[in-house]
Structures are given as structure tokens and as C-alpha cells.
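Add chain B to chain A, keeping to what the hints say.
Chains as they are written, first to last, in the working numbering: chain A, 1 to 387; chain B, 1 to 484.
To be clear, the hints were calculated from the coordinates, so they are not data collected in a lab.
Cβ atoms here follow ideal geometry from the backbone N, Cα and C, with glycine treated the same way.
A portion of the hints provided could be inaccurate.
Stretch by stretch, here's where chain A covers chain B in the computed footprint (C-beta under 8 Å, at least three residues) [unchecked claim]: (1) 32-44; (2) 47-60; (3) 65-71; (4) 457-467.
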Amino acid sequence: MLELSGTPSAITRPFMGVISTKTSAWFNGKPVIFLAGSPDNLRRLPFRPWGRKNLAACIVPAASKFTPPPKIPCIFDVPRDYCADLRDGDVVLIAPDGRIMVVYKAGSPYNSILATNRCNSLCVMCPQPPDRDPDDLYENNLQLISLLDPKTTEELGITGGEPTLLGEDLITLVQTCRQKLPNTVLTLLTNGRRLKDLEFARALVKAGSPNLLIETPLFADNDTEHDAVMGAKGSFYETLQGLHNLALLGQPVGLRTILHAMTIKRLTQYAAFIYQNLPFVFQVAFMGMETRGLASKNLAQLWVDPFDYQDQLAHAVRYLARRMVPVSIYNHQLCLLPRELWPFARKSITDWKQAYPPACDTCSQRECCGGIFGTGEKHSAFLRPIS
Amino acid sequence: MPFRFSPVASNRMLVVNEVGEFIFLDRQTFERLVSYDLAPNTGIFLDLKGKHFVTDTAVTPVIDLLATKYRTKREFLKSFTGLHMVVVTLRCNQRCNYCHASSQPTDQQRWDMTPETAVNVVHKIMESPSEVIKIEFQGGEPLLNFEVVKTVVREAKRLNRKKNKHLDFVICTNLTLVDAPTLEYCKKEGITLSTSLDGPKEIHDRHRLMRTGEGSYDRFMQNLHFSRSILGHDGVNPLMTASQESLSHFNEIVDQYAALGFQGIFLRHVNPYGYAQNDATIQSFVYPMEDFVEAYKKALLYIIELNLAGTPLVEGYACILLSRILTPFCTGFVDLQSPTGAGINGVIYDFNGEVYPCDEARMLAKMGDRRFYLGNVNRDSYLDIFTSPVLQELIEVSCVETLPGCHSCPLQPYCGADPVRNYAIQGDLVGHRPTSDFCMKHKAIIEFLLELIDQDDPGVMDVFWSWITNRTLAEVRGEAPCSN
Chain A
1 MLELSGTPSA ITRPFMGVIS TKTSAWFNGK PVIFLAGSPD NLRRLPFRPW GRKNLAACIV
61 PAASKFTPPP KIPCIFDVPR DYCADLRDGD VVLIAPDGRI MVVYKAGSPY NSILATNRCN
121 SLCVMCPQPP DRDPDDLYEN NLQLISLLDP KTTEELGITG GEPTLLGEDL ITLVQTCRQK
181 LPNTVLTLLT NGRRLKDLEF ARALVKAGSP NLLIETPLFA DNDTEHDAVM GAKGSFYETL
241 QGLHNLALLG QPVGLRTILH AMTIKRLTQY AAFIYQNLPF VFQVAFMGME TRGLASKNLA
301 QLWVDPFDYQ DQLAHAVRYL ARRMVPVSIY NHQLCLLPRE LWPFARKSIT DWKQAYPPAC
361 DTCSQRECCG GIFGTGEKHS AFLRPIS
Chain B
1 MPFRFSPVAS NRMLVVNEVG EFIFLDRQTF ERLVSYDLAP NTGIFLDLKG KHFVTDTAVT
61 PVIDLLATKY RTKREFLKSF TGLHMVVVTL RCNQRCNYCH ASSQPTDQQR WDMTPETAVN
121 VVHKIMESPS EVIKIEFQGG EPLLNFEVVK TVVREAKRLN RKKNKHLDFV ICTNLTLVDA
181 PTLEYCKKEG ITLSTSLDGP KEIHDRHRLM RTGEGSYDRF MQNLHFSRSI LGHDGVNPLM
241 TASQESLSHF NEIVDQYAAL GFQGIFLRHV NPYGYAQNDA TIQSFVYPME DFVEAYKKAL
301 LYIIELNLAG TPLVEGYACI LLSRILTPFC TGFVDLQSPT GAGINGVIYD FNGEVYPCDE
361 ARMLAKMGDR RFYLGNVNRD SYLDIFTSPV LQELIEVSCV ETLPGCHSCP LQPYCGADPV
421 RNYAIQGDLV GHRPTSDFCM KHKAIIEFLL ELIDQDDPGV MDVFWSWITN RTLAEVRGEA
481 PCSN
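Chain A with its partners taken away, still in its complex shape (with noise of 0.2 Å):
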């Protein structure tokens, strides 16, 4: 999560707002966070407003002579570099320390609500390991849909953790998604073990439909791999129990695997394994891991680098691609993989985590190449320009 800070004034508590530069903006219901473009514009601020409470709070950028109005709620010498990030329709959550956590960017395809940092198993990959919930999470995710804009909301992801651990409470996360954002597409991200419920699945795929999509990661053709990955025994049926219910019910879902040393060897069995169990998925995303968390823990025993196991992911590509399983290449740089592999590549990381290490700068793919991690801590050492 993009996070800024500067210096909080009059600040009590956190609370969430959208990002407004116009005025004109500030009578649609919604707590607005008015943007100032300089301290000026916040002298010459209309005050009538903070009345009718729609505005909560002001963000000022860095300037040399400012003194925050009393009583009203601002942040104020925040870098303008920062300031320069948010864009109108930003829903950010301000903290009255002066941190500004950008919760959801508008435009971008990446935005996902964190429905959970719990999570009922360990991968050993795992980039953002499981964590205890702050008390408001699921208030603030609540008060997150309804912040958003339902005409330009396209997509949104449901992640976590295990957002399934939410139980009841999920379904009504996902209801509240269905009637605040009809048309948005929610891609929610479980490993499918609860959803062997048949019920369970039911009411989930009953309160998303139609426009809900499911992914789920299933790491191996059998379960002695799956669940040594996945760090939980008996989670491989379990999850597969899950995707034929979500099947029966009718639920698109697509499968992900993270490549390492613990999935790499067997690729082409997962593939098969895939096709003859599991032919019904709408895509299988074969995806390169963030050296982050737990797979930088890990990483002496995890770690190949992707230029070693190109054969073994072309294989598997061509193996599904074949038979018609629409296939995906995640967090992969154009350099390391082989031109027959460009057209399954897609730019997938996430807008804040994408970084461009110097190789990148005379590459002529670089535009169509999602580039890397920044947040990860080892990549390919074949990482080169392309002419």
C-alpha cells in the first residue's frame, strides 16, 4: 500500500476520505479530502463547507510559510513529489500521526480490498506473512466500498490472508460490493480450503454473482507437494474439493502457482494434472515470486533464478496452451523469457510495487514489460536490454 506522510494538525482520529482537488466535488455525500494545489488555495477556501461536514480534512503540500487553521483537520508539509501521486477519487485513510495511506487509486486495475491479514495456512513463499487484524479493518473495508465510484470502479480485488477466515462476514463484504459497485468486476483471492462447504461456496458465489471471479493457488499435481508448500496437511484436497463445488455451482475460478524451487521441477504434471481434473478453470497464471516476507526467509531454499527454468515453463505453457487453457505469465521480464512465451506475459505488478532496475533503460520492450518487483529482494542476474 502507497503510503505518504507530513505534519498532522487538529487531527483526532483516523478516518477515510476521497481526494477532491475542485470544490465542485465536495456536495456528493461522500467525506471529502480536499487537495490544495499550494497553501494559498487553502486561505482562499470557501469555510462554509466544514459545516455540512463534507469536508474532512485538507492535504497541503510543503511550503515555506504556512500555519494550519485551527480546528480544521489538516496534514500539511507533505512532499509535493507525494502530493503529485494523489488524483481525484484517491480514497485515502488519514492517521493523526500524519500518515496518509492511499487505500485505493483511482484509474489503476490493481486495487484490492485486504480482507484479512489472517490466514489458516503458511506458504513457505508467502510475501506478506499472516498477521493479527487492526479492530476497524472490517468496518473500514465497509466504508471503503462505499467511498467508491460506482461509473469508473472497473475492477477490484478481494485479497488477504485467507478472506474466507472472514466467513459470514465475507459474504456480506461481497454482497455490499454487488449492490454499491453493480458493475465492477471483484476478483476475490482464496485457496478454496473453506469453500469445500458446499453451503458456504454457495452463499459466496450467490452474493457475487454475476460478476464475481475467483482465483485460487494450487501448487503441485499432488497433495505431498501442495501441502509442503502451502505449510498445511490435507489442504490440497481440500482446495480441490473447493473448485469442483465452485465448478458445480457454475463459478469461473483460475488457478496460480508461484514458481520456485518447490513447484518448478514437476511443472508439466501440474499442467496435466490441470487439464484432466480441472479443465473448467478460465485461466492458470504461472507466476514469478516476490523475494519478499517469508520467500526472502526462505530464499536459500527456494530461490532458482527464472532464466534457469524457462524450458520446464515453456513446456508446461505450450502443454495447457494446446489444449486450450487460457494461460498466463505473471512477474516475468520479457528478457528472461523466449519470444514463443511474449504473447502469455502480462504486465502484472502491482502499480507501486513496479520498479525498473538500470538494464531496463536502453530496452526497447520496456513499455510493454512489467519489469520487477521493487519490493523484492533478489532478482534474475539475467536481466539485460533488449534491442
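Just chain B now, with coordinates in the frame of chain A:
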């Protein structure tokens, strides 16, 4: 978990499970598998586990997965009879040496189906629970009784306004009698033509003769182009029949099909029935199955080469078997199913309204053996016909799981049974596999395909998948232009 196995060439064992997933093992590994001697963390054990041959952990979820796959493979049983063949006349203007349809001279109108019978046929057809109905007009030469063809089409479409099935019509014709009004009618009604082309002139004219004695090739070619000009290029699909003389010319036949721009060819062994049993030409049609299989294998490799060189052409028989071997889905194919497709997937209505489970059964009746007579549309109800004890018996004796010889054959999930053929050739419905050339043929060809798949040559696999998924090679290879 249950599986079947048999040794194949070069000291290897073919192992296949109940749903058609297969693996080749060397003898030593196989011995270790069956003596529970493979370590659970080895690659080969995991290969076997991923294909559900073995499990060292959970059992119930594996059986559930196998059950789901098994249901998918047997899905064709859900729909019941979809292919309905209607013999609108026995008259024919040709007199082919291998005809098994008992063709009659063109002036004998008593061999025509009457409009009344035709209407009754359509009513029976439309009672089928199948959502997809294909009505195939056969003969004789159906164009000699075209008014009845029209009656069937009109009546079927009328009834379908309520039934809302997917309805297809095909006329099986030798093409020699097509004219503009006939073709315009077909175009208007969405009817395609199925025809016969045995190869280049010399091969075609050897056995496909006009009733007057001369060859039919020149008229065929002329009318093929004429038909295409009205129905479109893909409005006419040919079938070939291999006589003994064709075996050494398969490549030329393939070349001709490719040159004429047909989408596919079906290399078909001649059926040993009807006129094919006549003394004068018997040596052309009763030849060792081994010879056919050898010629077939060579031709298949040649067709693969052609495809790789840029000429798309599907070999239909391989395509069906490959779908069964490589996909988790089912593939209906009346001639090779378990239980047999005769009756429950395809059925034939003779000119006089008599119903038979397949053309071979109808032939036997013509020769005096009414063993497989199911009923008559003019007298019997749909239920009488399709639940007749004859049909029930055919189903009972054609489940490969229970047939001697088939029960332990690893190729079982890809194969099927033909009880009518067993009866006609071997004298009983169950048949005797070791002396069955039907068994010999399918076994040899399926094993050949399995070996090709096991070699995993990228080019060959691309061709196979272009056939199975009906796409071009470029599409199979994902050679869509990069969106960037």
C-alpha cells in the same frame, strides 16, 4: 487405485487407469510398482500419484476425483440417440462393388419410402430425448426420392418449433444426380452433403461404378465443384473406403484430398458385408487387417508431415481416438463405443419403416436374418422400439468392462464393442477377441498413437491438438501477435 496394464514393444509396460490416463513404465519400475516397492518421495511415484494410479495418503478424495472424471468420460450416455439415419430409397443409379446397402435398380419404385412412413419416422426421431439431432439421409441414392427427403425436413422442422433441439441434416449422396434446384434447396434448408471419394480416378472407378457399368469419377468431380459453388467450400464432405488395391496408394489418396481442399480424410477399412462378399470382387475387400493397419500407420505419418509442411488435413479416425486418449472429455463415435452406440447413439430407419440399431443389422435382415429388428415406425411406439429386448441385449453384451478379452485390456477406456459385427462375422454377440480383426485393428492403431504421444515430439503434438481442438497450427502454438 485400479488400473490395467499390458506389455508393449521394447520391454515396456503400458499402464492405463479407469478414466484413460496412461503412463509407460519400464519392466523393472513396473515390478516395483506392483510389489509396493516405490518410495513415495520419488519422481516416478509422484507421477503415478498425480495420475491417480497410487496414493500413499488420502484415499477417499482420490476416488471422488476419479468418479468425477469417470462421469465426464461417460457423458455421452446422458443424451441417448442423436444420429438418425433414414433410408429414403433402396434405388441407386450406381452399382458399387462393395455396396452393403443392398442397392436396387432405379426403376423399381417399390423400394422407396412413402411420405406416410416418412412422417412416422420423423415423429419417432423427435421423441428422442437427445438435445442434438442429426438426420442423415441414406440409400440407395436419396436424391432418387427427393420428395420424401423434403417431407422429412419439413416435418422435422415443424415439430422442432416446439421441441427446440439442435437439428442438423445431412444427405449421403454419390453426387452424380445433383442439380441446381436440389442444391439451392439444401442451401436454403441448411443441409450439408456427405459423399464418397475413394481416391484418384483409377482407384475410384475401380469399384464405384454406374449401374450402366462405366466409372463415376468424372461426373463426381464435375458435380463436386458445382455443389461447392452453391453450398460453399465446406458444404460437401467425402468418405473413403479402402479396397485392397488402395492400400499401396494411401499417400496419393491423401494428396488428392488435400489438393481438393477437404478439411479431413477418414481412412476407412471396407465393411465385409453385402456385395463386398460377392465372389467376383471378394479379393479386393477381404484382405488381412494387418495390411490395412500397416498402410494406415504410414499414411498417418504422411498426413502429419503434410500438416507440418503447411497443409492442414485431419485424419478423422485418429482424431477421435486422440480425443479419447488426450482429453478428459467423452467422444461419441457410434462405431466404437462402450456400451455400443448401435441404437442408443445411432439408429437406422429402413425404407419400409423398419428400425434397426445400425446399418449392418439392416443388412443382415436383407439377407434373411432379422435378429436385430427393433420394430416398425408404422406400428410400434417409440418406447416399444427403444426399449425392445433386442436393444437391451445389445447394450448388455457390449460393455467392455465385462467382455472376455476386453475386461483386462488397458486400451479399454479408448475402445468399444460392436456386437452386431461380432454376430455377423463370429457368430455370436460377445465375440472372440483373439481372432477378431476388429480388435486387432483398434489395438494396433491405439497403441501406435500412444507411442507417438509418448515420444512427445512438439510438432506431432501440435498437429494432434490442432485436430482435436479444430484450430490452425499457429493458433495451437499461441502465435497470436504480441499485444504490445
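Here is how each hint holds up against the structure:
{"no.": "1", "hint": "32-44", "result": "holds (count 3)"}
{"no.": "2", "hint": "47-60", "result": "holds (count 7)"}
{"no.": "3", "hint": "65-71", "result": "holds (count 3)"}
{"no.": "4", "hint": "457-467", "result": "holds (count 4)"}
The structure fails none of the hints (numbered hints given earlier).
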